[in-house]
Amino acid sequence: MPLALRVAQSLSEAAGILAADPRTRLLSGGTLVMRDVNEGRLTDGTLLRITDPAFRQMQVSGNRIELGAGVTMAAILANRELAFLHAPARAVGGPAIRNMATIGGNLFAETPYGDFTVALLALDAQVMVLAGYGSARAMPLEEFLAGRARGEARLVAGIQLNRPQNAADFRFLKVSRVKPKGLSVLSIATHLPGSSSRIGQARVAYGAMGPVPMRARGVERALESKALDAGAIAAARAAALEGVAPATDAIATDWYRREVLPVHLVRLLGERA
Amino acid sequence: MAKVPVQFRLNGSDRAAFADPADNLLTVLRRGLNDFGPKYGCGQGTCGTCSVLIDGELRLSCLTLAAACEGASIETVSGMADGPNLHPLQNAFMEHFAAQCGFCTPGMLTAAKALLDRNPNPSREEVIDAIAGNICRCTGYEPIIQAILSAARGMPAQRRS
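The listed protein sequences correspond, in order, to chains A and B. Here the first sequence is numbered in my numbering, starting from 1 and rising by one per residue. Here the second sequence is numbered in my numbering, starting from 274 and rising by one per residue.
Excised from the complex, chain B in its bound form (with noise of 0.2 Å):
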């Protein structure tokens, strides 16, 4: 079967991959771009480590077709520090101790963006329902959450996005 050309922006890059006509993006960010943020998980829109941002939008990289984000803006995990300073998130997952394992933490901070990009001031409740779909089997959520609030006091506006 003959390979597709797939060309998008990536963390503020031009890329282009070839593709298998079914594969999912995150087969192609991995294997194809070398950007091993976004995690494998559970392939079946449960787990969440996989998120990405498609033109702002957070998604599942593991249930989208590489084929359909021809031309598209996708961000990872790996595009959120600017060069060797964290992004607020990040610090913030840090001093509230939001990561052990690490395996949920590229879709943890992925869908906080995601949140904050929207709504820079979300109540503990919106925290909640924001990182609804993604698993975290260590820190029984109340460090993520601390840390996405804290980050969102924290944040001065121009580094919310």
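Bound conformation, chain A alone (with noise of 0.2 Å):
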């Protein structure tokens, strides 16, 4: 049975048609989905598409930002009020695969790939997920990430986040063997509210140093309540590779991730102290 076609007006119907067959896949931007379709790895059930405008709106005005699932890099590099978010939306792919790749593509993107989804995770953001019953709910991306690397099946209608205070204490680094564009080695997103003078609410991210974007609360611990200073950036490196658990893959060993993350990490930190 070959693959077939459905097309949704709006998010619920999405839901639904999702819930009621579970062989169904969401396309969004295409560049997971239709990937999977080409290598074989996607040869039957269906593909559904979201023609909802609320699928692709953005509320940008304001502190509390929200985004829907269909926005694209290219959209939010595009947009002045996102500058915080441009670094992490120029990491993924080149100028088409950025006209493409949606936000809520790259909740789903499989190590190495979402480095999107780690600066998401730093900057403690909201995913707005529709199971097929009643209306979206908001779950903090980290539950979401949780239930991914379960295997739960969700529908994104996008997500919420508030925009850092100060952008400075918002940062963003990808590491990858091929410049400008090429898988991580590792990624890694830090926002240090208060790192001018004493941190409070430190959240850091890694991405590829497990199944899925994950907290780096050893350093979280290691950098709270602390000034951004050499002793703080210390204990963080001391503390770096607490709970991690890299893949081998056609970029990086293991070994060579966890070899290199503390030292990027100094180097993340050390730009603002």
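These aren't lab readings, by the way, just hints derived from the structure by calculation. Quantities reported herein were computed from a predicted structural model and do not represent experimental measurements. Just to be clear, a hint being listed does not mean it is correct.
[Stated by the list, open to error] Just some of the chain A residues that point at chain B, by a computed CB distance under 7 Å:
#1 L3
#2 G30
#3 R35
#4 N38
#5 G40
#6 L47
#7 P95
#8 A96
#9 I97
#10 N99
#11 M100
#12 P180
#13 S225
#14 L268
[Said to hold, decoys possible] The following label-pair restraints were derived from C-beta to C-beta distances:
#15 A78(A) to Q280(B): 27 to 33 Å
#16 V260(A) to S396(B): 27 to 33 Å
#17 G427(B) to A153(A): 28 to 34 Å
#18 D44(A) to F309(B): 25 to 31 Å
#19 A227(A) to R397(B): 39 to 45 Å
#20 S196(A) to R288(B): 56 to 62 Å
#21 D355(B) to T51(A): 31 to 37 Å
#22 P22(A) to A289(B): 45 to 51 Å
#23 R426(B) to A153(A): 48 to 54 Å
#24 R221(A) to R304(B): 54 to 60 Å
#25 A289(B) to N166(A): 52 to 58 Å
#26 T51(A) to S396(B): 51 to 57 Å
#27 S197(A) to G375(B): 56 to 62 Å
For glycine and all other residues, C-beta sits at the position ideal for the given N, C-alpha and C.
From the two separate chains plus the hints, produce the assembled complex.
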């Protein structure tokens, strides 16, 4: 039975279709799903497109930002109000991929992809999910990723996050061997409110250091309530590898990723010290 | 499985084809409409040789669902020349030896056109970023970068689009 195609006019209609048939795959930008089709991993079931304009809406004025799951990396890069997200958006593929790849797709991208999600994790983003029963509900991104790691399927309507009060408090770094576009050896995002004096609510996230993007809780503890000085950075380095479980793939071995992570973390933190 | 009809403008002409529901645009262009300009390289979004412009935006046709292109305006490398007159980018690629085996060339030209359409005077860094999604295994990229910069310098404004 070859692949079928359905088009949903609304998010609620899409949620119903997904709930009724577990073999349905949502097609957003296409960069992940069409790859599976081309490589023969996806040969039967149904592809689902969503034409609901809400899927691509952006609310970017004010401190609370809402982005539809169908918003592309290029749309983020074209919006000056989202300048703090430009570095992680630019880290996704080349120009053609950025015109296609969406926030929603990135939330499901398997390691070593998914660098944009690492930035969202450090920014404490909430994921608006529909599960086929009722309206969207907000879920912390970390909880969403834990569910994804368990194989839970969800329909993401969009994300919500607060704009960093000080743009300098948020930093993002993608380490790749090919410039300017290459797969991640790893990526790091830090959001350290108050980093010019005393850090409160430190958030540090890694990509490609586990099956899904992860919080670096050891580093967060090391930085909490500290000034970002040499001592705090040394403590962060000592805690850098807590909880990591990187994979060996075509880009790097798990050993290499462990070796270089503390080096890049220190460099990223040192940029603001 | 029933075929789905798809209609769009291809290089300025209205075209129609029947596609399998999950067909990518590249398959429809090459097998359905005999446009062999865009190439099938990796099928996973890495090489860029299938690049096309959809409503003026650079996209990868191997990762684009054909059925989603209904009503769109699609430009491929096959439509760059004006009859016997090559596009300035095509001339610049010849003059700078920017094509060797030629397999990446359709994607490189399309990515370069997407850049010059919105930024007629790009910097070297902007050119490098514009072709970051296109792999060339022959030239080492430098002749391609020089060709694009040369075309940008030499193109009269009316030929840039």
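Which numbered hints turn out to be false for this structure?
Hint check: 5, 13, 14, 17, 22, 26 fail, others pass.
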